[in-house]
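Novice: For reference, the chains in residue letters:
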Amino acid sequence: MKRILSILICIVLLFSLCACEGNFAQVDLQSNIAIPEDGIINKSVLNQIKDENAIATFTGKSGDYSYEWTVFGSDIAEAKDINLLADITNKDGIKIEFSQEEDFGFPMLLSVYLNEKWDCLSATAYSDNKAIYSVSLTGTKESILNISVNKIVDSCIITPDATQQQATEGKVVSSNKDETKNDSDDVKTDEYLSGSLQSGGRVYSDGSDSEQDKYKTDPIPQGKPRPVEPENQEINNEKTYTCTFSIECSTILNNLEDLDPDKLELVPSNGVILPATTVTFFEGESVFDVLQRVCKENNIHLESSWTPIYNSAYIEGIHNLYEFDCGNLSGWTYRVNGWYPNYGCSRYQLVQGEVVEWRYTCDLGKDVGCDWMG
Amino acid sequence: MRDSFSKYHPFVNLIYFTLTIGFSMVVNHPFAQLISLLCAVVYVISTQGKKSVGFLLKFCLPLVLLTAFINPAFNHEGKTILLYFSNGNPLTLESILYGFSSGGMIITLLLWFSAFNCVMTSDKFIYLFGKVIPALSLVLSMTLRFVPKFKTQMKNVADAQRCIGRDISSGSLISRTKTAITIMSIMITWSLENAIETADSMKSRGYGLKGRTAFSIYRFEDRDKYVLVWFVFCFLYLLAGVIVSAFGFRYFPDIRYSAFNITIIPFYFIYFGLCITPVVLNTVEDRKWKTIYSKM
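Which chain is which? The protein sequence lines are E and A, in order.
Following numbering that gives the first Met the number 0, the numbering of the first sequence begins with 0 at its first residue and continues without gaps.
Following numbering that gives the first Met the number 0, the numbering of the second sequence begins with 0 at its first residue and continues without gaps.
A hint or two may mislead.
Said to hold, decoys possible - Restraint ranges, calculated between C-beta atoms of paired labels, are given here: (1) E/Met372 x A/Phe73: 23 to 31 Å; (2) E/Thr276 x A/Phe73: 26 to 34 Å; (3) E/Phe323 x A/Ala194: 44 to 52 Å; (4) A/Leu62 x E/Asn327: 32 to 40 Å; (5) A/Leu64 x E/Phe323: 28 to 36 Å; (6) A/Pro265 x E/Asn52: 26 to 34 Å; (7) E/Thr239 x A/Phe73: 33 to 41 Å; (8) A/Leu62 x E/Asn52: 36 to 44 Å; (9) A/Leu235 x E/Asn327: 30 to 38 Å; (10) A/Val279 x E/Phe323: 41 to 49 Å; (11) A/Cys117 x E/Asn327: 40 to 48 Å.
Because the hints were derived from the structure by calculation, they are not lab data.
Beta carbons are placed, not taken as given, at the ideal position from N, Cα and C, and that holds for glycine.
Build the full structure now, drawing on both the sequences and the hints.
Specialist: Below you can see the structure in the form of structure tokens.
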């Protein structure tokens, strides 16, 4: 009797374990598939990725550089045999030669792991002196170039764009067109020191602060705008300006295995949640005010919470991608004209023509080029 | 209905409540939650009578609605944006549904614990844990015993005070407060005194000496064995169900759940079977009692 009972239980358990695939349709991650020596990935592999709605990463190595292809099953319209072999050399920039001859027919993301740190905001890939891919830069100690490859060329050369220093200086000049500016750095420094520069009612730091302000903000570097307090800001609805907003999370694509599996389906295949968009805003508005409006207009989910100690809103999640979703050091950061302000986004007053980038970090800002945090 | 399940061996009772409370906390599929809630309601009403219906309607129902309202105020995750709050955060459908689900889970657990309290009396608790964790189980049972004892004594004192004209239910606010303070002071003195008396009486009966045994009237009978085997079977079966995510349900970022099919449905039946066991045992016992009674 006892034996029969135990056998029965075993059978029922086995049956339910084997037959039950009760998983709800989720995006599946297949990471670190090695690229074979001839580089050819069979059609059947891609078909499987497509059918399972999976995200797959293929890793390979070329000389000193390792690279990784990421493909989203949802992007694959029609699978075919593809060659993922890439030859990467360093000649006047990073040169990539593809083995694939015709277009993939679906977007693939190529991440190239460099051995050095590039001090620049972005990079561009050129083929025959024409820019073909825009490259997003991530990586903590060694830069990672993320290239969304839509159409294939024989080879391309990637060179860094403007460095952070150049970008900032360029912006200061352009936002102060009415003031006479001298090219010499000495004069510029003198001007900062002699008094605060004004632009759109905004005050720039002369770099002389040595202590934190009452909202625990460290001294603002020289030439960067000082924070404003949102409760004192008056919004002038008559004066409108434009600025550029973008939201992206390409660092997640480099750290897919750390991401909460439930959130995999949210990640766009090129990492871009909102491409660079020109936005109209009113005088006196902060980055936070504009971000809220932009997200509402584009139907992007946004959650923020007011943090009195920093007198600013804190962005918890955009597009349902929240802080801590991709590791303990992950969250949202913002960069204006190439600089990560060291205060909250409610305290950054925008002026005409600024470029605001919201970037997801998986390493406390270090992988997106923000070096002042910890 | 008499609760004959509480007459089973304490170990069986303990296993049952551990399983139901444990699975109610782990499983978040609304259908499974509903099964657990219904079984808890039926069990509590059938054993504790009409008093519990009032508790359900007055306390549990508002609690579910409250969590369903409060959760979206703090939780804005979810794909389906319904509208925006004044501070710019979205109200999402997922957070509302999650509020209902967690509210349901809270009251399910409350009901299971209220049943647990009635069944697992302190002597059963001491019997089960007296050997494993003697000091803690004694302290626990004494603390738990203290509350009802204190309440009874307080009623006695209040009644006695009323007889000499110090009534807490009438008079001006100041005089009532004064009386209440007097009663509190009496109660504190009493509880201190009582603690000393308890300690003395325990010492005089030889508490803490070597070689003492504890008397218990519990016997592990055949019926306990059968019910225990059934519980173990349910546990293994449901554990397998949790592992293969038969009760899989997620709320964020959008609602996804495992589809019902022929392999999933048995898990729900087993879950229902586990939760309803005491009610079935009580009913069977009741029938038996009635037939015997009518024959006499």
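Novice: Each hint: holds or not?
Specialist: Hints, one by one, checked against the model:
no. : hint                            : result
1   : E/Met372 x A/Phe73: 23 to 31 Å  : 27 Å, holds
2   : E/Thr276 x A/Phe73: 26 to 34 Å  : 30 Å, holds
3   : E/Phe323 x A/Ala194: 44 to 52 Å : 48 Å, holds
4   : A/Leu62 x E/Asn327: 32 to 40 Å  : 34 Å, holds
5   : A/Leu64 x E/Phe323: 28 to 36 Å  : 30 Å, holds
6   : A/Pro265 x E/Asn52: 26 to 34 Å  : 28 Å, holds
7   : E/Thr239 x A/Phe73: 33 to 41 Å  : 35 Å, holds
8   : A/Leu62 x E/Asn52: 36 to 44 Å   : 39 Å, holds
9   : A/Leu235 x E/Asn327: 30 to 38 Å : 35 Å, holds
10  : A/Val279 x E/Phe323: 41 to 49 Å : 45 Å, holds
11  : A/Cys117 x E/Asn327: 40 to 48 Å : 44 Å, holds
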